[in-house]
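Participant: Next come the chains, spelled out residue by residue.
There are 2 protein chains.
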Amino acid sequence: MSFELTVLGSNAALPSFGRHLSAQILNVDSSLFLIDCGEGTQIRMMDFKIKMNKIERVFISHLHGDHILGLAGLIMTLGLQGRSKPLYIYSPSGLERIIDVQLDGNYAFPVHFIVTDTRKKGLLFENKSVEVFSIPLLHRVPCNGFLFVQKTKSPNMRKDKITEYKIPYNKIIEIKNGADFLTQKGQVIPNSELTVIPAPPLKYAYCSDTAYFKEIIPMVKGVDLLYHEATFMHDLLDKAVKTMHSTARQAAEIARRAEVKKLLLGHFSARYKNLSPLLDEAKLVFENTLLSVEGLTLSI
Amino acid sequence: MSFELTVLGSNAALPSFGRHLSAQILNVDSSLFLIDCGEGTQIRMMDFKIKMNKIERVFISHLHGDHILGLAGLIMTLGLQGRSKPLYIYSPSGLERIIDVQLDGNYAFPVHFIVTDTRKKGLLFENKSVEVFSIPLLHRVPCNGFLFVQKTKSPNMRKDKITEYKIPYNKIIEIKNGADFLTQKGQVIPNSELTVIPAPPLKYAYCSDTAYFKEIIPMVKGVDLLYHEATFMHDLLDKAVKTMHSTARQAAEIARRAEVKKLLLGHFSARYKNLSPLLDEAKLVFENTLLSVEGLTLSI
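Chains C and U are the protein sequences, given in the same order.
Just so we're on the same page, the working numbering is the position in the first sequence counted from 1, plus 11.
Just so we're on the same page, the working numbering is the position in the second sequence counted from 1, plus 11.
Please keep in mind that the hints were generated in silico from the structure rather than gathered at the bench.
There could be a bad hint or two in this list.
Derived pair list, reagent style PhoX-like, types lysine-lysine, alpha-carbon separation capped at 25 Å [stated by the list, open to error]:
hint	chain 1	residue 1	chain 2	residue 2
1	C	K187	C	K164
2	U	K62	C	K284
3	C	K172	C	K182
4	U	K162	C	K65
5	C	K284	C	K131
6	U	K196	C	K62
7	C	K60	U	K284
8	C	K196	C	K250
9	C	K272	C	K253
10	U	K96	U	K131
11	U	K131	U	K284
12	C	K62	C	K172
13	C	K164	C	K196
14	U	K232	U	K162
15	C	K284	U	K65
16	C	K284	U	K60
17	C	K131	C	K170
18	U	K96	U	K65
Chain U is faced by these chain C residues, among others (derived, beta-carbon under 7 Å) [said to hold, decoys possible]:
hint	residue
19	P26
20	L80
21	G84
22	L290
23	D291
Glycine included, each C-beta is placed from N, C-alpha and C at the ideal position.
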């Protein structure tokens, strides 16, 4: 049961100091979701040996170039590699036309564009493992983040109890669904003795690009990992406000107030060669903070 | 007086084996010309420490994605870096709309799109150092190559003769333009004794993408360096014909018949990990052949 994040690009606006543009891969039980797709994303996936054709769905936060300019090339490459299965792309309105023009309307396999509502939280997709929601962000253009929530698992059956009470195979599903067990001698074994409560479902929230936006706090409450953009240090707050980005301190403030487990900073301005000061600034507010490192896979 | 080529990307269609998509920088007396601009070109320029803002003009061969998908990102980055001087982009018809849609019409500095005629050779641009011509190629969509021709230099003045005949400074320009010199004693010194003929002007031809197309032979006759696409080995001639690409042997055949000085192969299919067989195949027909190596600068 995997729930793993790989950052492919961590820079804002333009590449610098070996850092690339926004893109992440979330692996949920071997389904790959691509989150944003800046220029060069396909090359980063090759660098990190990610099997591109396993990408089922793409989630695009907004239509600024540094989040979308890798998408046409990726679709071309998937087609040239022989993909036939469909690709589903979720984004604010307008992306289909941008991709259409670049590819001159030539798609080698079905590509479905699904328009998100950037004004309120909404369920975009679910399968047996996960639900994906859009969450509103506050940026210069319509923009949403994404919340990935593992589905609640059934309790696990204790194998030792199967042996101890000689539980027949056909009873296991009802016990996993909450039933007690009646032995042949008429003894009632309570469900709580027979099962183990599984780990709570994991949650990952992606918030980029956005100004400081306290309305998201209840939506990302308690998530296991919060990715929040931290384009600037707080001494450039004026610039952050003007461009509708966040500072490292503001990202940490959201993490602290939302009581998340862990904060991952990213979307760094090309002006910063050394990122340690951004990390230090955030840690003063929220200790369990990491910097995005491209190619590193985090188990959430 | 520089006339140097740096290959930024050498692969066809999609990146593979660490090779990137079509893009080259030609440095002519410190003016930088970008030839084609596949996805990731700006990142390759950063990798190779090329000063992007020095690019004056961009020459695009055709509108397939692997030759143009880096352009919108490059324009964005130049704008973010504060560029104010104009950029001139030469390409077959249709590029302006593709870039416009990606940038939502927002240009931070003047970008001029100039449409080429892909059916016949034509002068696109000249300055004091160079003339640039489009040359027709044969591909699935309108496509042209480019021919860069250094301008003929004036003869160089021999410094030893200035001393020997006490030639005044104000006579030098007319001698460089062909005049003889009359000494104070009335002796006529012929121009041929006073000047050295400069090296012949250098020529670089870029031919990608194209099927084998013998009509280009007179246009690239005797060039110092011919870049010719070699997407396939000759055993895949059928595939080359069908997709309107060339084989390594065909590229060498063009080089041999055009009596060029040197051939540079590129635009390699993603199927080839090892490129030596392509080089060997071409060398059987034309010995002075090189493979494109990304990041390597060739003095033409």
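Participant: Would you mind marking each hint as holding or not holding in the structure?
Facilitator: Hint check results:
no., hint, verdict
1, C:K187 <-> C:K164, "holds (10 Å)"
2, U:K62 <-> C:K284, "holds (18 Å)"
3, C:K172 <-> C:K182, "holds (12 Å)"
4, U:K162 <-> C:K65, "violated (53 Å)"
5, C:K284 <-> C:K131, "violated (36 Å)"
6, U:K196 <-> C:K62, "violated (84 Å)"
7, C:K60 <-> U:K284, "holds (16 Å)"
8, C:K196 <-> C:K250, "violated (75 Å)"
9, C:K272 <-> C:K253, "violated (30 Å)"
10, U:K96 <-> U:K131, "violated (30 Å)"
11, U:K131 <-> U:K284, "violated (36 Å)"
12, C:K62 <-> C:K172, "violated (41 Å)"
13, C:K164 <-> C:K196, "violated (31 Å)"
14, U:K232 <-> U:K162, "holds (17 Å)"
15, C:K284 <-> U:K65, "holds (23 Å)"
16, C:K284 <-> U:K60, "holds (16 Å)"
17, C:K131 <-> C:K170, "violated (44 Å)"
18, U:K96 <-> U:K65, "holds (10 Å)"
19, P26, "holds (5 Å)"
20, L80, "holds (5 Å)"
21, G84, "holds (4 Å)"
22, L290, "violated (24 Å)"
23, D291, "violated (26 Å)"
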